[in-house]
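Peer 1: Single-letter residue listing:
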Amino acid sequence: MPVGRLGSLLHVRPGLALFLLLLPPALWFGTIYLGSLLTLVLQSFYSIDDYTGAIVREPTLATLRTLVSQPAHLDIVLRTLAMALVVTVASVLVAFPLAYYMARYARGRVRTLLYVAVIAPMWTSYLVKVYAWRLILAKEGILSWFVARLGLTGGLEALLATPVVGGPSLASSYLGMALVFLYMWLPFVILPIEASLQRVPRGLLEASGDLGATPVQTFCHVVVPLAVPGIAAGSVFAFSLTLGDYVIPQVVGAPGYFIGMMVYEQQGTAGNLPLAAAFSIVPMLLVGIYLMLAKRVGAFDAL
Amino acid sequence: MPSDTAPDRAPWALKVAAAAVLAFLHLPVLVIFLYAFTTDDRVYSFPLPGLTLHWFGVAATRSDMWAALRLSLAVATVSTLAATLLGTLLALGMARARFAGRDALTVLFTLPIALPGIITGMALLATISLTGIERGFVTIALGHATFCIVIVYNNVVGRLRRIPRSWTEASLDLGASHWQTFRHVLAPHLASAWLAGGMLAFALSFDEIIVTLFTAGREPTLPIWFFNELFRPRNRPVTNVVAVMVVVVTLIPVVLAAWLTRGDEDQGAR
Amino acid sequence: MTPAIEFESVVRRYGALRAVDGVSFRVGRGEFFALLGPSGSGKTTSLRLIAGFERPDGGRIRLDGVDVAATPPYGRSVNTVFQDYALFPHLSVLDNVSYGLRRRGIGAAEARKRSLARLDMVQLASAADRSPTQLSGGQRQRVALARALVNEPSVLLLDEPLGALDLKLREEMQTELKTLQRSLGITFVFVTHDQGEALSMADRVAVFNAGRIEQLDTPRTLYQRPATEFVARFVGSANVLKGRLAERVLGRTGCYSLRAEDLRLVDATAVTRAGHATGTVIDVQYRGAASRVRIDVGGGDVLQAEVDSGRLGAAASIGASVGLAWSEDALIAVNESP
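Chains as they are written, first to last, in the working numbering: chain A, 1 to 303; chain B, 1001 to 1270; chain C, 2001 to 2338.
One should not assume that every hint holds.
If you anchor each label on the Cβ, the simulated ranges turn out as follows [what the hints assert, rightly or not]:
#1 C:2196 with A:27: 53 to 61 Å
#2 A:112 with C:2131: 54 to 62 Å
#3 B:1251 with A:152: 32 to 40 Å
#4 B:1039 with A:213: 57 to 65 Å
#5 B:1013 with A:152: 18 to 26 Å
#6 B:1251 with A:58: 43 to 51 Å
#7 A:27 with B:1030: 31 to 39 Å
To list a few chain B residues with every Cβ distance to chain C over 12 Å, as calculated [as the list claims (entries may be wrong)]:
#8 1024
#9 1040
#10 1078
#11 1172
#12 1174
#13 1177
#14 1185
#15 1224
#16 1227
#17 1251
#18 1259
Just so you know, these hints were derived from the structure itself, not from any lab.
None of these values were measured; they are calculated from a predicted model.
Quick reminder that beta carbons are idealized off the backbone N, C-alpha and C, glycines included.
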């Protein structure tokens, strides 16, 4: 049977076949994505001419220095970090009951249904969800109406009067913003926690009960520690996505700046690409640190 | 937790909490559907003063909306095709090969969806500015294809792992070349994985805004058009209607994709 | 005449493991050749090397006298019947059989004609339009056979061809494969871990152990004159007497094979000749016509005797003292395996 030259060559050198398969995606990815990440770092070492507004393509630390030396810039970083941490903790707390119920009690069709119910909102248009929250949180919107129906308007007003978290309405307060962040990333947090709880052998829970632990003790000393990798994995999403978002702070929330908004504004209206690049390196670093911490508790085994 | 033992009863507090979280996940989306029919054209008042289909007609006459929709569909189509090709090559290479750095490569390809979108967007913009490329259709599609590769890859590699090695060996043994084996044995079994991966990639591209805001030129994609509308209160009723359309357009392919790949993940779930 | 298959010091490594470790053999044309060994002994890897699914790390493989180092599987006049049959579920039975012909550019009508003829040969022409998923295990195997043979290969490879079938079907297929091979005159190479299968079907058997061939001989020679301790144990399930046991029972050093059916049970008091042993029955396995008796000959050493079930008599009771006798020529000196 005739075999072409290429056929023989690929048979003699199986590594070559693998190389040829991987070459196009690796090349694409290497140039477009990794190449861009490099230019991003490179851009942060450029600066901007104060008079002409043109980018000076000479390596300098000046841009990175303004990032850390200006109190306003530092404020933005800290505000974003604080919001990311609050959202991360809150989303784990809210995600846990549903994840626990799915893993421990749901079976068969109910399980499948719950799964779909968690995944569907994840794939619903991001912008539309943000917009929906604007409708809900608006001063005359659904939430206010509902609170009024419950006769709790006074409580809501007191909450909004609280310094830092409050504001003129939920739609323009950090409280509202955190709520929207929490909502947006919730499915990303539920799924890994559910997956890690799923892997806890039932025998362990029975053994704990058998050894005299109350259900609450079993939960605290067996279930939660075993779910730590899933919690860590889910929290990576909440943390990383909050750090890098700029649509939500723009649409819902208080006037204070966040990293994402700063990046968007610096590259756009301000035209200071080097500073925008420097700002976008911050979430990269923070996520890197967070990933290292998460890795220690086994987050990557849970994914 | 294995499913062979009968589940014990969930405490009622847990049931209530789980139900509350579920409601929290779903009610906001329903709100959008509600508002598309409101007669109110200025404020977000609730309860709705009345119901109307009027705004669907108004939205249909907005030529800028149609242009944005066309661009979004074109970008999603092109980037889905590119991602399908590249993701399939990647999956064919990775499915059974064992080489140093294999796991690192997998992690690398997930970075564009794992890292905040702002980093991908800003990185692409840094390159665009450095190379002086005109922003527009091409730059948007390049960016979208990059983060869609991993979606296609995941679907195709999952399917490839379920195809016994002996099938490809049998094909080669019977005299089919590698290409013929791909065409006559692998492709028929990959078809639904391609369709599913392609639809998810399409939905992801169609809905993407964070990266796109950096890579788009003057012509907006539908999400950018929508984003701009959010700051124009006068057009609010139209925004509501378009929101419903967007939800429907993205959810249909996702539901179809889930249906096409049912069974792929079954071993773990049952 | 050039051999159909020739292995010359072939080596195949997986990392540090030498799956095939310097194997040489020749298979003649029209021969029914078996590769026998326990799992992980290198027999399946050898088969895959012939098919071209694996590449040797050293040595030469020739098919019909031609070095096939650079020939991919689709360039070899070799076809395989896979252990799991590897029928394509998306194609009908007929399309499975005509797959090879079609890929080689044979027209649809001609391919259909030849495929139907092969299906007829395995009595499955009536199932041509069905899906392979609707067939039973035995039927699938026949389709796999037809799919391989329709290409008229010079060598047919069979990987544990009977492994997935139940006992009765397995015995039927043994006869059928043997008849088929005789009538077609094609070289058959088959892999098995079942020594009974290898002995009853093959013209010659290569016994594999730890990546090497221990012995390559006709079934009769393998059984009657095992060359190594491993072959004696694996092929004949023989007793092996060596070291302390050989010295005590035989009164000499070395390593010897003594088949179970060559041991006779005698009255314990009748053992007078030096070298013949006495012991205690610890287990009796009834196997129909014959029974297998395990006898503790002292010091924890156990010998097995295969005895006509009808003449088992009093020896059949566990705990009974028995004598063991054998003729000197039943004792075969073998090489000790590590």
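Peer 1: Each hint should be assessed against the structure and marked as holding or not.
Peer 2: We went through each hint and held it up to the structure:
Between residue 2196 of chain C and residue 27 of chain A the CB atoms are about 56 Å apart, so this pair conforms to the stated range of 53 to 61 Å. Look at residue 112 of chain A against residue 2131 of chain C: about 28 Å separates their beta carbons, and that is not inside 54 to 62 Å. Distance hint check: the CB atoms of residue 1251 of chain B and residue 152 of chain A are about 34 Å apart, consistent with the given range 32 to 40 Å. Taking 57 to 65 Å as the suggested C-beta distance range, the pair residue 1039 of chain B and residue 213 of chain A conforms, at roughly 59 Å.
The hinted range of 18 to 26 Å is satisfied by residue 1013 of chain B and residue 152 of chain A, whose Cβ atoms lie roughly 22 Å apart. As the Cβ distance of residue 1251 of chain B to residue 58 of chain A is approximately 50 Å, the hint placing it in 43 to 51 Å holds. Taking the beta carbon of each, residue 27 of chain A and residue 1030 of chain B are about 45 Å apart, not inside 31 to 39 Å as hinted. With a least CB separation of 44 Å from chain C, residue 1024 of chain B remains clear of the 12 Å interface cut-off, as annotated.
With a least CB separation of 56 Å from chain C, residue 1040 of chain B remains clear of the 12 Å interface cut-off, as annotated. Once the 12 Å rule is applied to beta carbons, residue 1078 of chain B is consistent with being away from chain C; the minimum gap is 30 Å. Some Cβ of chain C comes within 12 Å of the Cβ of residue 1172 of chain B; the nearest lies about 4 Å off, and the non-interface call is violated. Here residue 1174 of chain B does not stay apart from chain C, with its beta-carbon only about 3 Å from theirs, under the 12 Å limit.
Chain C draws residue 1177 of chain B into its interface by the beta-carbon criterion, the shortest separation being 6 Å against a cut-off of 12 Å. With a least beta-carbon separation of about 6 Å from chain C, residue 1185 of chain B fails to lie farther than 12 Å from that chain, contradicting its non-interface assignment. Every CB of chain C lies more than 12 Å from the CB of residue 1224 of chain B, the least distance being 43 Å, so the non-interface label holds. Here residue 1227 of chain B stays apart from chain C, with its beta-carbon at least about 45 Å from theirs, past the 12 Å limit.
Taking the minimum C-beta to C-beta distance to chain C, about 30 Å, the non-interface status of residue 1251 of chain B holds against the 12 Å cut. For residue 1259 of chain B, the condition that its CB be more than 12 Å from all CB atoms of chain C holds, with the nearest at approximately 19 Å.
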